[in-house]
Amino acid sequence: MIFMSVLPNNSVILGRRQLFMLPTRFGLLFAALLVVQLLAAINYSNGLAYALTFLLGSLAVVSMLYTHRNLLRLRLSASACAPVFADEIATFRIHLTNDSDTPRFGIAVMNGKKEIARVDIPARGSADVNLSVAAVKRGWLMLPELIVTTQFPLGLLYSWSRRLALHHSCLVYPRPAHPTPLQTLAVESLEAVSGLKAGGDDYIGAREFHPGDSPRHVDWKAVARGESWHVKQFGAGYQATAWLDWDTLEGLDTETRLSVLTRWVLDAEHDGMLYGLRLPEQTLNPSNGEAHQHECLKHLALFGLKP
Amino acid sequence: MNAPPVDRRVLLSLLAAGAFAVAPHGGELPLWIIAVFALGGAWRYGIEVYQWYRPGKLVRFGLMLLTLVAVFRQYHTLLGRDPGMALLITLIGLKFLELKTVRDHIVTLFVFYLIILGSFLYGQSLWLGAWALLAVALNTAALLHVMQPTGMDMPARLRLSGVMLAKALPLMVIVYLLFPRISGTLWGLPADAHGGLTGMPDMMQPGNIRRLSESSEIAFRVSFDGTPPPLRELYWRGLVFTETDGHGWSRGPVREAVKVSYVPLNDPVRYQVTLEPSNKPWMPALDLPAIRPRGARYHPDFTLEHREPIRERLNYTLTSYTRYRTGALNHAERVGALQIPRNTSPRARALAGQWQREHSGPLQVAQAALDFFRRENFVYTLNPPLLGDDPVDEFLFGTRRGFCEHYAAAFVTLMRAAGIPSRVVVGYLGGELNTAGDYMIVRQSDAHAWAEIWLPERGWVRVDPTGAIAPERIELGLDAVRRLELQGVVLGSLSNEAVRRALELGWFEHVARQARWYWDLTNLTWYRWVVDYGKERQERFLTSLGLDDISWKRMIGLLFAGALLVILVYAFFLWRPKKSADPALALYLRFCRKLARAGLVRAPYEGAHAFAGRAARKRANMADSISEITGLYEELRYGPGVTNQKKLTMLKTKIAAFRA
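For the protein sequence lines, the chains are A and B, in the order given.
With our numbering applied, the first sequence covers 789 to 1095.
With our numbering applied, the second sequence covers 29 to 688.
Just so you know, the hints here were simulated from the structure itself, not pulled from any lab data.
Heads up, some of the hints might be wrong.
[To be verified] The list that follows gives simulated cross-link-like pairs (lysine-lysine, DSS-like), each with its CA atoms no further than 25 Å apart:
(1) Lys581/B - Lys622/B
(2) Lys1009/A - Lys646/B
(3) Lys128/B - Lys902/A
(4) Lys902/A - Lys925/A
From just these sequences and the hints, can you work out the full model?
What follows is the structure, given as structure tokens:
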């Protein structure tokens, strides 16, 4: 028995219980053709005509098994979606994996009634489908429920899966506010310069490697020794430190405040400042780098939302 | 649903499928109909490839009307088999011009299936069946192409279509055998459903048996229960001629038998006859049939006649006795069996009168006539000279060269002149035993005519005057006579040994004959199970399965049960979880499951190497065994050369011992 198995890494294998099938309108037309052929066979008592009619009928039945097989045990999973800002388009990548020794053809991935893509998957191969979803508001954007359908091989039958939830979501950062007028406000809220600025020539320590770090800064000797990956940090003698503070934006509503803070995080990162984020009940100490920026933006994105 | 318009390659698939579907009609329908189809296809191809003129809606409509009118002018109707097929083929040819959507293509392909079926209404030969199977495979491949334009090339589509059809075959056979057949038709057949056929003529004119004997067409096939009687006893009774005008012979007034009876003198012979359609009602039976098959009449002259002309292959089972004694003659029969025209040859009458005076009984007179044929330099030949107004006289005293019909007619005339009731019987003599299928093939060329005289103590007695001239004809069959004649041998002049030598087959002829027999068996099997598989054969088939008198409801039930069984078998193979073909991969997946239980799950995009690295970092204590197992696996799966059994075993033990 095959049930829909939700595997630990959020992938789904299509089992018999997830699959449905009905004839297409071509299937109904084919049935009408068979009736006409059968009447001719009976009327002319023609053995070959009987044989052809029954052969085509059997072919339709066999094609039913093929249509079913085309979806059965198809594995779907989604891979990490790069975070986007609100009002941008989030792109989910869906993997369709064929674990069987027969290729699968004409597999359509549907989002509701809309066909996203139609793919052929070679035996023991996989195909990727990108699903673009408009990210309307900050927070977690869930991957919509998908339906997989096929009419392969003869188009006489239409098989579709139940709605499949891959339980995958994409982080949507708040929409960054327009920079100009708010920039000044931000400058005002800057704390005193404390002395370190990244980007200089002096070695100022090592931190864990994050995707996106320049390969030039990776501590390759340590990697060669089999230690975990680190990047060497270099700095000049001083660096500006900014506290991006929720409270400085008094008088604005929550979403606007989050937008402005988002803008400031981006600008501060861009300018190579050290920056910390102060939200009600949450504080992120000053730092910089992509990971820190992501951490800040994530806090902003999920601010006030239920986990 | 509205897929984009289909491309040139799809069009080519369609054209190929159409050509195969329409081709068999080339021999049956007027050529212009095929031409309209071909031109329609070619035009569309030209439009796609060479940017030919693309007809608009109005032009297409005009062409369609023109075609309708042309078909009507050809047949003066639009109904019936021929005009129906003509319309289907021409209109689908024009349909090529407006192919656009997937729907258009599908409908066209469905019509091709109908056209393939239509070709069966003109004949059901084995060749046509094979051709149609090919056409169906191509059509299905084209359907695949329309529905799935990507991912598969032509060979792949043909292969898939072939495999699907092969899987459909067992299912089809079950439904074919068990679908309840009805006898008769639903609406009656159109008048054009039967064509020209050959068979035994209902009159015997000098020369027409011989003409029949030139045809090597099969008249009927017989399978005997038990050993067949010897060749010289295989007199297949077809028709009895009693009435003559001195030139030709006919049946005379036909009376339904009040009660036909005879006393059998030996064991019965049981056999089944498969009679080819002849458009004549005669049903040949071994001298003399004892029972009347269904749908037949039994005449007082011991012949069987079907109620209507035989237009489809007919099967019947018979019992015959080859030795018999028949009863007395009534007055009308006696008069009929003694009738000769007044103007019949005076010389023949004188000769018969002389025998009558010289001999004591009718049997002796008959013997005298046979001695006369033997003594007087008569020749049995397949190429007798033409005879004029009084053929009996000319033959007896002039040419003296004749075929069986000449001898039979002359003999009966002489007997009647001598006052002995007698008649001509035509039918077939002998047959070719097909050892491949253990049945006998009787051809039109085995057509034969012989005589019967009536003796008071024995009733009707068969006398074959041909046997007096050419015993080879009786003993060896007409085929042997033909070959002896080709070798220039004079019949009746050779010793048995010499004849056997003359008839010996070379190895090539021997092989050719074997091949011919197997081919005939194939054909007979095809006829029995395809062409002739109707209500009667179905009943016989079900009886052989032990299902006598089965109601059609139970048959339908049986049909569904059988079909379901096949589908379940297919579904079982489909649903059965497949073991991976690669043992190394199977072992590796087991290893992954062990790691997954420990919370280390391989991501779909993660290769074995990357996963091993991650796992080793998380579980430093097992890093060694993880990298060892992964290394072995990668070597087995991606390494060069054949699978190393030793390493596979090693991998197996290591994974078995692995504890995450």
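Results of checking the hints against the structure:
no., hint, verdict
1, Lys581/B - Lys622/B, "violated (56 Å)"
2, Lys1009/A - Lys646/B, "holds (21 Å)"
3, Lys128/B - Lys902/A, "holds (23 Å)"
4, Lys902/A - Lys925/A, "holds (22 Å)"
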